[in-house]
Amino acid sequence: MAKGDPGGTTRSRRAAPRSRKGTAGDPALVQLLTPDGERIDSATGPDGTEYRVDFTDEEYRGLYRDLVLVRKLDAEATALQRQGELGLWASLLGQEAAQVGSGRALRAQDMAFPTYREHGVLYCRGIDPIMPLGLFRGVDQGGWDPNEFKFNMYTIVIGAQTLHATGYAMGITIDGKTGTDDGEAAIAYFGDGATSQGDVNEAFVWASVFNAPLVFFCQNNQYAISEPLERQTRVPLYQRAAGFGFPGVRVDGNDVLASYAVTRTALDNARLGQGPSLIEAYTYRMGAHTTSDDPTRYRIASEVEAWQAKDPIARVKAFLEKQQIADAGFFAEVDEQARRESVHLRERVLEMPNPEPVTMFDHVYPNGSPLLDEQRAQFSRYMESFEGSAH
Amino acid sequence: MATETLTIGKALNTGLRRALENDSKVIIMGEDVGKLGGVFRITDGLQKDFGDQRVIDTPLAESGIIGTAVGLAIRGYRPVCEIQFDGFVYPAYDQIVSQVAKMHYRSGGKLNIPMVIRIPFGGGIGAVEHHSESPEAYFAHTAGLKVVTCANPQDAYVMIQQAIASDDPIVFLEPKRRYWEKGQVDLDAPLSDAYPLHSARVVRPGTDATVLAYGPMVRTCLDAATAAAEDGRELEVIDLRSLSPLDLRAAYESVKRTGRAVVVHEAPSNIGLGAELAARITEECFYSLESPVLRVTGFDTPYPAARVEEEYLPDLDRVLDAVDRTFGW
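From first to last, the protein sequence lines stand for chains R and D.
Here the UniProt record's numbering is used: the first residue of the first sequence is 1, the next is one more, and so on.
Here the UniProt record's numbering is used: the first residue of the second sequence is 1, the next is one more, and so on.
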């Protein structure tokens with residue numbers, strides 16, 4: 001899928017024969033693939049921007065493969081938690097399209113700042129999917145190199161990373177890396193709950209006044225643990241952007257094509273020096289907040305069923321079948337790859353060694369500290385005092 | 001050799017200028033640090049000479065200052081953040097404690113956050129509330145942060161440059177009521193030969209009791225030592241300079257000689273730096289002590305109204321009273 005540039009979008013206002021504004025159900029929602037698998041040629045955002053994608057058949061199949069793999073690996077992680085192999089897991093179930101669409105829209109030079117649920121974006125950045133499982137198993141705190149993969153560490157404190165992304169984007173500007181097609185941009189991921197945080201609102205202010213090359217990508221999955229969107233906002237979230245002085249758009253977050261198109265456009269605008277924008281990817285958290293959560297206490301089954309009908313993967317499959325872009329053999333092969341990779345993931349998780357206790361003293365300071373040296377030495381002596389004993 | 005008489009404030013300003021000159025990745029950011037030069041003028045003239053992309057007037061949001069500085073650090077910059085007053089740092093506390101302090105650790109050493117957070121701290125300037133606090137224990141208690149403070153112009157000039165050059169995140173506390181105190185500063189001595197940043201220093205030798213202080217209280221304790229000498233009692237005064245990590249080698253050596261230790265700080269006593277110092281000195285110098293380690297501190301009240309701060313803050317008489325008590329034990 002990463003081959004070439006699938007184009008993504010155009011700012012041209014020329015009328016396309018089958019172009020229409022949004023969808024019948026929600027005029028504000030940018031959608032390029034309906035839940036039934038119908039392709040829409042182009043969609044127009046609230047500021048008149050026209051969104052479209054122009055993928056090859058192979059690229060369409062690539063997106064489908066990404067979605068299936070990301071869901072399968074996520075399910076495996078949930079199973080591992082249920083079997084006691086992970087301490088916790090934050091499933092992305094239902095949000096695959098928002099993450100794969102935006103993740104594939106990133107160019108190699110773009111930097112992403114995730115929450116703790118962006119396993120799909122992580123996958124698109126080429127990071128080994130085992131990496132976040134170390135964090136949730138409790139053997140390390142993440143493990144990948146943020147600068148190597150242009151994907152920062154997971155951030156658990158809600159909204160804190162939006163400021164980091166803003167500062168990083170300011171650095172892009174200071175470095176003079178905007179204003180050209182090969183310029184850089186940053187993307188900050190966060191959820192609907194985070195929009196109530198001070199840090200996110202400060203990030204909006206800063207990004208705006210410094211015209212930072214940044215995309216705020218909000219996955220509105222309708223719940224902040226148990227609290228519904230109505231407890232966070234009385235206006236559609238994408239409209240918040242207007243008050244801060246930059247564009248906002250709501251995209252069907254269960255539509256991988258539209259998620260790709262709006263993100264690619266927003267990133268390219270940012271890298272060209274046109275400043276920040278907000279994307280509200282309208283989606284649904286099909287599973288629990290984390291494996292410690294019980295969503296049956298706060299939402300009804302019919303609501304979940306209604307979203308099940310908008311599944312992000314089923315619509316791509318329907319489209320591929322209808323357009324004869326993929327056949328049964330392809331779908332079976334993807335399923336088999338997903339099964340194989342999830343088994344491989346499981347095997348490697350079970351083999352993850354516990355860290356040596358003394359390593360807890362590592363990397364507290366780049367330059368070290370005599371206090372820690374002393375504590376490490378004391379701790380080592382204490383541990384060694386058990387050697388050969390019954391302990 | 002260019003030695004000049006500078007105030008602590010001007011020495012900091014000169015040190016910041018040197019840091020900006022020596023490393024193009026150094027960025028100063030904060031509220032009013034640009035055109036105004038900061039409310040205490042510590043960044044005076046720097047934006048004019050280095051431009052508004054290196055000396056950045058930020059929106060009025062402390063969490064934003066620190067949070068965006070984290071991003072700039074990930075990008076390879078060395079941000080020097082000014083928090084305008086001690087009492088205004090708390091909106092940034094989450095970013096400092098959860099992000100700045102832990103980023104290197106969480107990344108397994110892959111990310112450095114070489115950030116300096118400058119905070120004018122302490123009382124004694126007749127200010128309204130939230131402008132006179134001593135929050136050092138909050139930061140010294142946080143693993144991943146280092147905390148230093150200066151007490152004279154020479155240290156101000158050198159330590160601010162050392163802090164900026166360090167890859168560790170450092171909270172740099174500036175004794176705001178001493179900003180106008182003057183002293184000799186050697187502007188040409190190379191940084192590489194300078195006294196180490198995280199080392200304490202004996203600033204007045206003595207034989208009868210050891211007094212430990214830092215920041216604004218060093219001057220108070222030196223004055224107390226002068227007064228004590230008139231009464232025939234020689235106090236050894238140690239400027240701790242680094243509050244995290246603490247360097248107590250000189251303190252241990254001193255207390256083993258004098259047998260008496262008094263710790264002085266403006267911050268309240270309860271669970272403060274003095275408690276840690278007393279515990280560690282007791283552990284290390286137990287058989288040399290002639291009395292318990294005593295503390296002279298602010299009281300465990302919110303910082304009081306300015307018209308009573310003279311009574312709240314440790315002064316020469318309270319320091320001498322504590323020294324007397326160590327002799328009466």
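Please note: incorrect hints may appear among the correct ones.
[Claimed, not checked] Capping the alpha-carbon separation at 35 Å, the derived lysine-lysine pairs in DSBU-like fashion look like this: (1) R/Lys150 / R/Lys310; (2) R/Lys177 / D/Lys182; (3) D/Lys25 / R/Lys150; (4) R/Lys177 / D/Lys256; (5) R/Lys150 / R/Lys72.
These aren't lab readings, by the way, just hints derived from the structure by calculation.
Hint check:
1. R/Lys150 / R/Lys310: holds, 31 Å
2. R/Lys177 / D/Lys182: violated, 44 Å
3. D/Lys25 / R/Lys150: holds, 20 Å
4. R/Lys177 / D/Lys256: violated, 59 Å
5. R/Lys150 / R/Lys72: Holds: R/Lys150 and R/Lys72 sit about 24 Å apart, inside 35 Å.
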